[in-house]
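There are 2 protein chains.
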Amino acid sequence: FCPCQHLIDHFGFLENGTFKQRYLLNDQHWHKEGGPILFYTGNEGDITWFCNNTGFMWDAAEELGALLVFAEHRYYGESMPFGEESYSNAKYLNYLTSEQALADFAVLIKALKKTLPGAQKSSVIAIGGSYGGMLAAWLRMKYPSAVVGALAASAPIWQFIVPCGEFYKVVTHDFTISGTNCSSNIRMSWAAIDRVSATGEGLQWLSQEFGLCNPLKTPDEVYGFKAWLQETWVNLAMVDYPYEANFLQPLPAWPVKVVCKNLNFNTGVSDKQLLNGISQAVRVYYNYTGDAVCLNTSQTATGNLGFLGWFYQSCTEMVMPMCTDGVADMFEPQPWNFQAFSDECYNQFGVRPREDWAEIVYGGRNISAHSNIIFSNGNLDPWMSGGVTRSLSESLVAIMIDGGAHHLDLRYNSEFDPESVIKTRALEVRYFKQWIKQAATTQ
Amino acid sequence: FCPCQHLIDHFGFLENGTFKQRYLLNDQHWHKEGGPILFYTGNEGDITWFCNNTGFMWDAAEELGALLVFAEHRYYGESMPFGEESYSNAKYLNYLTSEQALADFAVLIKALKKTLPGAQKSSVIAIGGSYGGMLAAWLRMKYPSAVVGALAASAPIWQFIVPCGEFYKVVTHDFTISGTNCSSNIRMSWAAIDRVSATGEGLQWLSQEFGLCNPLKTPDEVYGFKAWLQETWVNLAMVDYPYEANFLQPLPAWPVKVVCKNLNFNTGVSDKQLLNGISQAVRVYYNYTGDAVCLNTSQTATGNLGFLGWFYQSCTEMVMPMCTDGVADMFEPQPWNFQAFSDECYNQFGVRPREDWAEIVYGGRNISAHSNIIFSNGNLDPWMSGGVTRSLSESLVAIMIDGGAHHLDLRYNSEFDPESVIKTRALEVRYFKQWIKQAATTQ
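Going down the list, the protein sequences come from chains S and V. Just so we're aligned: the first sequence equals residues 157 to 599 in this note's numbering. Just so we're aligned: the second sequence equals residues 157 to 599 in this note's numbering.
Hints listed in this document are in silico derivations from the structure and should not be mistaken for laboratory results. Among the hints, erroneous ones may be present.
All copies of an identical chain are treated as equivalent in the list; a pair is satisfied when it fits inside any one copy or across any two copies.
[Said to hold, decoys possible] Straight-line alpha carbon distances no greater than 25 Å define the calculated SDA-like cross-link-like pairs of lysine to any residue that follow:
| no. | residue 1 | residue 2 |
| --- | --- | --- |
| 1 | K589 | S524 |
| 2 | K269 | D512 |
| 3 | K579 | T374 |
| 4 | K266 | R343 |
| 5 | K589 | V507 |
| 6 | K270 | R178 |
| 7 | K266 | R521 |
Make a model of the complete structure from these sequences and hints.
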């Protein structure tokens, strides 16, 4: 028996089909009959990958005598409502929403508590990072009977409503503080690329210099090349961890510092000298292992993330306006253009984004009526721009992790952890204990 | 411009059609720039009828300097997502759910605050009765950023999970306390009907005695006749108001007492004597005006309620188990049979009810994480059986109205009001003021 059989549509009664949601379970530390359940609210990817990158839960389970549950998000990994056809058309994709995913989690929790011997009285705590952290917070907001509290790590629940330039400002700041002239040289690289790539010979040089698997053939392809570089800088800022790690890619400790060592020359060098530095810098990200034969501009991170699914979600309800101006940030100026984005979504999926819906359904800045949520953010993480970085009440607590990148607190303890994240994890566990105690007295 | 244009489907992006939600607005007492908004969360019927039967809001608006908004529920009154075709098939009916209705309310509130001059800073309080009261409570639970609090009058939010016999016990109790032998004689009437109707002559007598518009022709039709009687007793208990009123039907003050005057003879009279009493009793309900030429067993209450829509809702998510045993209540024994109900729903609409969904999505008994909701109930009202009748926290407050029927507190002040309801209304307004003040300090 699997309690993970879910309705494809929780919010309508015509579509009565079901699908299997994958979830992982570990009870090695569980004190049955009352020991809590730590419930990972899966995000846009394969759940085993999140499971392997959320060591904090394994450490916390030992301390709390907790059962671990990692629940996969519908339309990712193996949890496909229409099997291999799930992404084949707009009709099948229609049930890929955060509201449906939250309902899956609430139903799964109910089913586990009903069917798992010893779980009936267990308090459930939702834990997630990034979009999964948003889901953890929203699960507590929308289904507080299912979970006694939530840890929303690096969860940009306000990315829908903050000024569009904030995100890239943080990215830029990370590079600015990680090496002399680092962000300045990146800022100057875009024009250098344009100049060099204006000739066929230049395109060839650029392709060789970067060791591209698919050499650039026309100046039109330069736009995509620059977008790939931009995403590379963003990803580096996200995973700027204090030790060797393999989250999006295998990387050295403090990878942004390592990148910036290749970009610490004076500004104003020749275009080719500048781009040589850039090519060395991106190799830190794409070829730390030394195994890469060439660089593939069609992908910037692990294949465990479901990019197409996330694109659909951002094309529907997860509309996060982004823009750059080249002054407050190190990127080429690009204003936010909702209409163009909407048209792109329509061409790709046949749907249009609903600009205001996320704010209405999840409350925007006005969430003080809720309780028992920790919002943790790292000050190196670009996503902190949309995060809750100040406590809103005694039980809606913000924790800032100095020197922390994207949900560093969710990772295993490490000897290289900064003091800030050690303290953060301890505080988080203290809140968990408090919520469990509170639930025991009110139920 | 009408801010009431809503998406037919808030929870999917394939159906991109919209419809107009009707709402009524009254600003005669409104102190703009900060005066609150009392927002009626419309239930299963024509909004003008609820508007005319919710005098409390008009009285409270004067005291609070409030704007009144009465929002119609989709698929009722004139708010039809697919016009006259809305009820024509399962596909069109698929968007008739409480979740969609709540989203309509949240979107409408957002739009009103954005577009109505003076409303931007106004605190909104949700008010509703019966299913509308459930919606008011759920709106506060699910969209606390939209409303600072809610008055849920006679809202049986726990009817999904209480023992199935509770409802009819309260009905019976009302008749027991309203006259000697009243409930006993009704309890005995069912068998009397069966005996009398066993012959053709008896059927004819019965039809004449009750002045039925459509005489009973076969013993098969007696089942429907008894169901009509049962619903009549239920409705009488619901509208047992202390003064002449016209909610479901035009009725005298304390109609159950008037009914019971026709049933105060000793138990054990002849079948025809007993049924003569019953026929006099039901005429109190169906012919108080004296205008009825005959009694129509196909309808028990005002045409302003949308019975078909409510039947669909109870056939999908609003599954309220009901049963009788003839001992703790005055009705014929009838156990709750989910499967039979489900089959009936499938035959009628092509959908099947989801037994556990309401409890999962709306939290069941575990709702103490929420705040600022008043649950008022009358101890004469059968629906109090599924209501919150004890306070759950300082801000989840239960008020019992002694001598109150179905949401008596929502009606206009009357000189015949019992002390209990006068106090209740005053207390409700005091909480409104407290919520408004609280919101002003936290925003």
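Verification of the supplied hints:
1. Within a single copy, K589 and S524 get their C-alpha atoms as close as 22 Å, and across copies as close as 19 Å, so both meet the 25 Å cut-off.
2. Only between protomers do K269 and D512 lie at most 25 Å apart by alpha-carbon distance; the minimum there is 14 Å, versus 35 Å within a single protomer.
3. In this assembly of identical chains, K579 and T374 lie within 25 Å of each other by CA distance neither inside one copy nor across copies; the values are 52 Å within and 80 Å between.
4. In this homomeric assembly, K266 and R343 never come within 25 Å of each other (Cα to Cα): the closest approach is 51 Å inside a single copy and 41 Å across copies.
5. In the homo-oligomer, the alpha carbons of K589 and V507 never lie at most 25 Å apart, since the shortest distance is 44 Å inside one protomer and 44 Å across protomers.
6. When the C-alpha separation of K270 and R178 is checked against a cutoff of 25 Å, the pair qualifies only within one copy, where the shortest distance is 18 Å, while the shortest distance between copies is 42 Å.
7. Proximity of K266 to R521 under the C-alpha cut-off of 25 Å is restricted to the inter-copy arrangement: shortest distance 14 Å between copies versus 29 Å within a copy.
Hints 3, 4 and 5 from the list above are not met by this structure, while the remaining hints are.
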